[in-house]
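Peer 1: Chain by chain, the residues:
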Amino acid sequence: MPVPDAAVIARKDRLVARLREVLPMDAVISDISETRAYECDGLTAYRCPPLCAVLPANTAEVAAILKICHELNVPVVPRGSGTSLAGGALPTADSVIIGVAKMNGVIETNYDDRYIRVQTGRTNLSVTGAVETNGFFYAPDPSSQLACAIAGNIAMNSGGAHCLKYGVTTNNLLGVTMVMMDGTIIEIGGAHLDAGGLDLLGVICGSEGQLGVVTEATLRILHKPEGARPVLMGYDNSEVAGQVVTDIIKAGVLPVAIEFMDRPCIEATEKFAQAGYPMCEALLIVEVEGSDAEIDAQLALIMEIARKHNPVELREAKSADEAARIWLGRKSAFGAMGQINDYMCLDGTIPVSALPFVLKRIGEMSKEFGLDVGNVFHAGDGNMHPLILFDANKEGDLELCEAMGAEILKLCVEVGGCLTGEHGVGIEKRDLMHVQFATADLEAQMAVKDVFDPKWLLNPAKVFPLDSSSPRRAA
Amino acid sequence: MTPKTETDLAQMITDASGPLRITGGGTRPIGRVIGTPLDLSALSGVTLYEPGALTLVAQAGTPVAEIETLLAAENQRLAFEPMDHRALLGTTGTPTIGGIVAANVSGPRRISVGAARDFMLGVRFVDGSGTVIKNGGRVMKNVTGYDLVKLMSGSYGTLGVLTEVSLKVLPAVETSLTLTLKNLDDSTAIKAMSAALCSPFEVTGVAHTPSTATTHFRLEGFAVSVAYRADELSKKLAPFGRTTEAQTDWAAIRDVHAFAKQEGDVWRISVKPSDAAALVAKLGAVSVQYDWGGGLIWALCPEGHDLRAAMGHTAGHATLIRGKGCGPTFHPEPAPIAAITAGLRAKFDPRNILNPGIMS
Ligand SMILES: Cc1cc2nc3c(=O)[nH]c(=O)nc-3n(C[C@H](O)[C@H](O)[C@H](O)COP(=O)(O)OP(=O)(O)OC[C@H]3O[C@@H](n4cnc5c(N)ncnc54)[C@H](O)[C@@H]3O)c2cc1C
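Same order as they appear, the protein sequences are chains R and X.
Going letter by letter, the first sequence gives residues 9 to 483 in my numbering.
Going letter by letter, the second sequence gives residues 216 to 575 in my numbering.
FYI, nobody ran anything at the bench for these hints, they're computed from the structure.
It is possible that some hints are incorrect.
What the hints assert, rightly or not - DMTMM-like mimics (lysine to aspartate or glutamate), calculated; alpha carbons at most 25 Å apart, straight line: (1) 173/R <-> 296/X; (2) 451/X <-> 475/R; (3) 173/R <-> 490/X; (4) 368/R <-> 304/R; (5) 418/R <-> 478/X; (6) 375/R <-> 289/R; (7) 402/R <-> 47/R; (8) 349/X <-> 451/R; (9) 451/X <-> 300/R; (10) 463/R <-> 47/R; (11) 463/R <-> 120/R; (12) 463/R <-> 140/R; (13) 450/X <-> 120/R; (14) 232/R <-> 120/R; (15) 173/R <-> 79/R; (16) 406/X <-> 300/R; (17) 258/R <-> 289/X; (18) 349/X <-> 221/X; (19) 562/X <-> 405/R; (20) 173/R <-> 283/X; (21) 349/X <-> 234/R; (22) 316/R <-> 289/X; (23) 397/X <-> 149/R; (24) 20/R <-> 116/R; (25) 326/R <-> 304/R; (26) 497/X <-> 478/X; (27) 406/X <-> 234/R; (28) 368/R <-> 265/X; (29) 173/R <-> 289/X; (30) 339/R <-> 149/R; (31) 232/R <-> 435/X; (32) 339/R <-> 140/R; (33) 402/R <-> 350/R; (34) 562/X <-> 221/X; (35) 349/X <-> 415/R; (36) 110/R <-> 120/R; (37) 450/X <-> 350/R; (38) 451/X <-> 120/R; (39) 450/X <-> 389/X.
All values reported here derive from a predicted model rather than from experimental measurement.
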């Protein structure tokens with residue numbers, strides 16, 4: 009991270025006093041023993057307590073805070089639930105954390121027009137929770153949905169297991185209330201569809217807290233499908249599994265999810281969760297939705313394709329219990345790998361056709377670097393999640409792991425993919441951005457930030473390589 | 216000017232001494248703009264198509280028809296069902312994929328699968344200084360850096376001239392079936408459309424034509440599934456009347472054929488469906504057509520009618536698609552949003568030469 013601004017740190021008392029003028033006593037956290045709670049997000053290898061943290065209760069308070077920080081030239085790091093795996097919510101010593109966790113209310117639900125309006129501190133799962141008794145749900149479902157907030161989902165444009173059918177956050181976001189760095193409150197979009205002018209909502213979604221602090225959001229809700237059912241297939245070769253995925257997609261069926269796990273991941277999860285998975289090179293979970301008869305028809309087609317490729321195992325869930333067992337292993341995969349060792353989770357995306365080649369290369373890199381890797385990911389859309397195992401207590405292991413991670417991400421870009429499919433750039437992939445983008449490409453993105461945040465105070469040291477953003481941050 | 220390559224185009228923009236009017240096929244002359252014509256039709260051709268990955272990359276000037284033919288051969292399609300503006304606007308050119316992206320053109324299926332912008336995976340464009348910029352890519356999930364792909368979609372060439380787009384395509388469907396309800400007034404029709412959209416039966420088109428008092432519900436998919444859902448949807452719609460199966464011409468709804476031969480201004484209004492009927496009642500339109508479950512209103516108005524005054528404070532936006540209208544073509548924005556928009560234009564097109572003023 010860049011060297012913190014000593015002048016800002018020196019003015020801490022004045023800053024805290026000003027913030028206390030506009031916020032209740034307990035909403036300003038400045039004691040070092042308490043600011044430590046905000047020292048990191050899900051990327052725990054990097055930590056730094058902020059200058060102070062503030063917990064506003066509404067949009068007006070956020071505006072008041074930002075006005076003060078803008079006037080005093082203090083950097084601001086917005087924070088939802090702090091589950092980012094990219095260091096998106098990592099503070100710097102000279103920054104104020106604005107945590108929206110207290111802002112978790114539902115403002116309006118409208119079933120006729122199929123939307124819900126919430127404060128952005130609300131967790132992803134509790135958005136569905138607010139509408140499910142009426143038969144509705146909010147589609148994007150990151151694995152972290154119990155904890156992560158809509159604020160972070162919007163900032164990272166988060167995805168989930170079911171995005172093959174329902175899309176990611178940006179496809180389900182209708183409008184936001186956002187506070188600009190100078191304290192101006194703006195409304196973008198709403199309950200209607202599409203932008204009347206430039207699609208600003210589209211660029212705000214996925215901007216990693218660098219364009220404004222999003223305080224309220226209008227989200228599209230959908231009626232739940234009548235039912236869903238998964239099948240599990242095992243193959244003794246990942247190339248064949250890749251072909252099955254392609255054949256299913258080409259056949260015109262659009263499953264809601266196609267998940268992939270490789271042998272190291274299967275072994276780890278079996279030990280951990282005993283889901284009854286076959287020991288094989290590649291396991292696929294394919295889920296379809298609809299009424300019973302519709303599911304039967306779709307699965308018949310999928311099973312026929314699966315059989316043609318000689319599976320070592322092919323198992324259709326015959327009951328809710330069996331369905332849960334099929335998903336159990338997949339859902340415990342991260343936890344299971346975590347039992348073995350510390351891990352780093354990558355999330356580059358590749359064209360589906362490059363899957364066998366990329367898996368083979370990752371296997372070779374694993375040998376070269378001497379670190380184990382398990383692969384579990386969304387196969388339908390090519391969003392990989394290689395989990396590299398390392399030992400945080402072993403000198404040099406983290407650095408080795410990061411070096412290997414960088415090689416894998418470069419490979420993703422080389423085969424026509426990208427550095428990150430859903431976790432975001434944060435600090436983690438910041439300095440790899442040159443691999444994917446030319447200088448002009450990055451300049452164009454930074455020009456957008458110039459317009460929204462001319463002083464570059466909002467989450468300034470993220471997303472863009474430090475050498476690229478330094479003239480702007482220093483200005 | 217007709218650039219043959221991206222490099223040509225970049226040079227032409229660098230050398231330009233005044234405003235440029237960017238055209239693909241010239242079939243969607245929306246918004247008023249003057250300038251030297253810059254014709255993108257020679258930048259044409261599909262450069263990559265991977266049916267198994269549901270992705271296609273094409274140069275901006277590629278005819279939409281060429282893409283649709285290619286997709287059809289693999290039993291796939293552009294799911295957002297882009298409208299063809301020719302009949303409505305009386306134009307004759309060849310619609311291009313770049314035009315669709317630049318104007319974010321979708322059709323009735325927008326309500327179930329999303330708009331053109333939701334299917335865009337990547338873009339290459341030349342900005343107003345002649346710099347070539349790329350954003351996004353050709354994979355379905357990508358959050359690497361800011362999403363300028365969305366920003367470019369619907370920017371009508373004002374931030375840059377598109378040279379290449381990559382997009383997500385979807386499987387075509389085995390069968391399609393339309394149910395209709397008759398004789399509902401606008402407000403009841405919207406309730407019926409909402410009921411259909413608030414069901415698990417996945418309607419992919421919900422439109423209402425007041426002139427014939429017909430409400431249309433489209434189901435698509437595998438034959439068994441469509442038959443099942445048609446039965447269930449009919450039961451769900453029973454409070455609104457008996458549904459009948461009909462041969463609705465969805466392309467005619469998509470392209471607003473009803474207004475093609477009629478005189479007057481044509482406005483396109485996006486609102487939340489439950490506001491639509493009350494809005495139409497005070498709009499002063501000669502005729503309207505509802506799509507997207509009521510969320511999209513096509514309004515035919517007397518020439519020069521002040522539609523926005525009639526709209527008042529209803530949340531949403533109205534765009535003048537044809538005719539003289541009254542006031543700006545695009546919906547006026549509140550001051551802070553207008554300032555951001557102007558700021559972005561100044562960054563991407565500092566000389567203000569790319570379709571200047573088209574979005575006002
Ligand atoms: C076990 C685990 C599983 C995960 N699985 C998935 C998955 O399946 N799919 C997926 O996409 N991600 C996944 N993630 C990553 C993470 O959960 C998402 O990125 C999530 O959206 C972050 O939300 P958050 O509220 O925790 O945000 P935070 O971590 O608090 O912040 C994330 C980013 O959002 C910005 N931000 C926060 N609040 C605001 C605001 N109000 N206004 C503007 N910017 C703001 C921050 O500055 C930061 O850049 C997973 C993480 C973990 C730990």
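Peer 1: A separate judgement is required for each hint: does it hold in the structure or not?
Peer 2: Consistency of the hints with the structure:
Between the alpha carbons of residue 173/R and residue 296/X the distance comes to roughly 17 Å, so the proposed pair stays at or under 25 Å and holds. The hinted pair formed by residue 451/X and residue 475/R fails the criterion: a straight-line CA distance of about 60 Å is larger than 25 Å. The suggested pairing of residue 173/R with residue 490/X is violated, with an alpha-carbon distance near 29 Å, which exceeds 25 Å. At roughly 35 Å between alpha-carbon atoms, residue 368/R and residue 304/R are farther apart than 25 Å, so this suggested pair is violated.
For the suggested pair residue 418/R and residue 478/X, the alpha carbons sit about 58 Å apart, so the restraint of at most 25 Å is broken. For the proposed pair residue 375/R and residue 289/R, the alpha carbon gap of about 17 Å is at most 25 Å, so the pair holds. Restraint check: the Cα-Cα separation between residue 402/R and residue 47/R comes to about 23 Å, which is no more than 25 Å; the hinted pair holds. With a C-alpha separation of about 11 Å, the suggested pair residue 349/X and residue 451/R falls inside the 25 Å cut-off, and the hint holds.
Among the hinted pairs, residue 451/X with residue 300/R is consistent with the structure: their alpha-carbon atoms are about 18 Å apart, no more than 25 Å. Of the pairs offered as hints, the one joining residue 463/R and residue 47/R holds, with about 24 Å between alpha carbons and a cut-off of 25 Å not exceeded. Taken as a hint, the residue 463/R and residue 120/R pair is broken in the structure, with Cα atoms around 42 Å apart against an allowance of 25 Å. For the hint pairing residue 463/R with residue 140/R, the CA-to-CA distance comes to about 43 Å; that exceeds 25 Å, so the pair is violated.
Of the supplied pair hints, the one linking residue 450/X and residue 120/R holds, its CA atoms being roughly 18 Å apart against a limit of 25 Å. For the hint pairing residue 232/R with residue 120/R, the CA-to-CA distance comes to about 15 Å; that is within 25 Å, so the pair holds. Our distance criterion of 25 Å between C-alpha atoms is broken by residue 173/R and residue 79/R, whose separation comes to about 45 Å. Taken as a hint, the residue 406/X and residue 300/R pair is broken in the structure, with Cα atoms around 28 Å apart against an allowance of 25 Å.
Of the pairs offered as hints, the one joining residue 258/R and residue 289/X holds, with about 8 Å between alpha carbons and a cut-off of 25 Å not exceeded. At roughly 12 Å between alpha-carbon atoms, residue 349/X and residue 221/X fall within 25 Å of each other, so this suggested pair holds. Under the criterion of a C-alpha separation no larger than 25 Å, the hint pairing residue 562/X with residue 405/R is inconsistent with the structure, at around 44 Å. Taken as a hint, the residue 173/R and residue 283/X pair is honoured in the structure, with Cα atoms around 21 Å apart against an allowance of 25 Å.
Only pairs whose Cα atoms come within 25 Å are accepted, and residue 349/X paired with residue 234/R is rejected, the gap being roughly 41 Å. Taking the CA atoms of residue 316/R and residue 289/X, the gap is near 21 Å; set against the 25 Å cutoff, the hint holds. Taking the CA atoms of residue 397/X and residue 149/R, the gap is near 39 Å; set against the 25 Å cutoff, the hint is violated. About 38 Å separates the Cα atoms of residue 20/R and residue 116/R, which puts this hinted pair outside 25 Å; it is violated.
Only pairs whose Cα atoms come within 25 Å are accepted, and residue 326/R paired with residue 304/R is accepted, the gap being roughly 11 Å. Taking the CA atoms of residue 497/X and residue 478/X, the gap is about 21 Å. The hint holds against a cut of 25 Å. Distance hint between residue 406/X and residue 234/R is fulfilled; the C-alpha atoms sit about 22 Å from each other, no more than 25 Å. Among the hinted pairs, residue 368/R with residue 265/X is consistent with the structure: their alpha-carbon atoms are about 21 Å apart, no more than 25 Å.
Taking the CA atoms of residue 173/R and residue 289/X, the gap is about 20 Å. The hint holds against a cut of 25 Å. For the hint linking residue 339/R to residue 149/R, the alpha-carbon distance of about 12 Å falls within 25 Å, and the restraint holds. Pair hint residue 232/R plus residue 435/X holds up; C-alpha atoms about 18 Å apart against a cutoff of 25 Å. In summary, the hint linking residue 339/R to residue 140/R is supported, as the alpha carbons are separated by about 21 Å, within the 25 Å threshold.
Only pairs whose Cα atoms come within 25 Å are accepted, and residue 402/R paired with residue 350/R is accepted, the gap being roughly 11 Å. The suggested pairing of residue 562/X with residue 221/X holds, with an alpha-carbon distance near 21 Å, which does not exceed 25 Å. A distance of roughly 23 Å separates the Cα atoms of residue 349/X and residue 415/R; the hinted pair therefore holds under the 25 Å criterion. Simply put, residue 110/R and residue 120/R have alpha-carbon atoms about 29 Å apart, too far for the 25 Å limit, and the pair is violated.
Taking the CA atoms of residue 450/X and residue 350/R, the gap is about 55 Å. The hint is violated against a cut of 25 Å. The hinted pair formed by residue 451/X and residue 120/R meets the criterion: a straight-line CA distance of about 15 Å does not exceed 25 Å. Note on residue 450/X and residue 389/X: the hinted pairing holds, with a Cα-Cα distance of about 23 Å set against a maximum of 25 Å.
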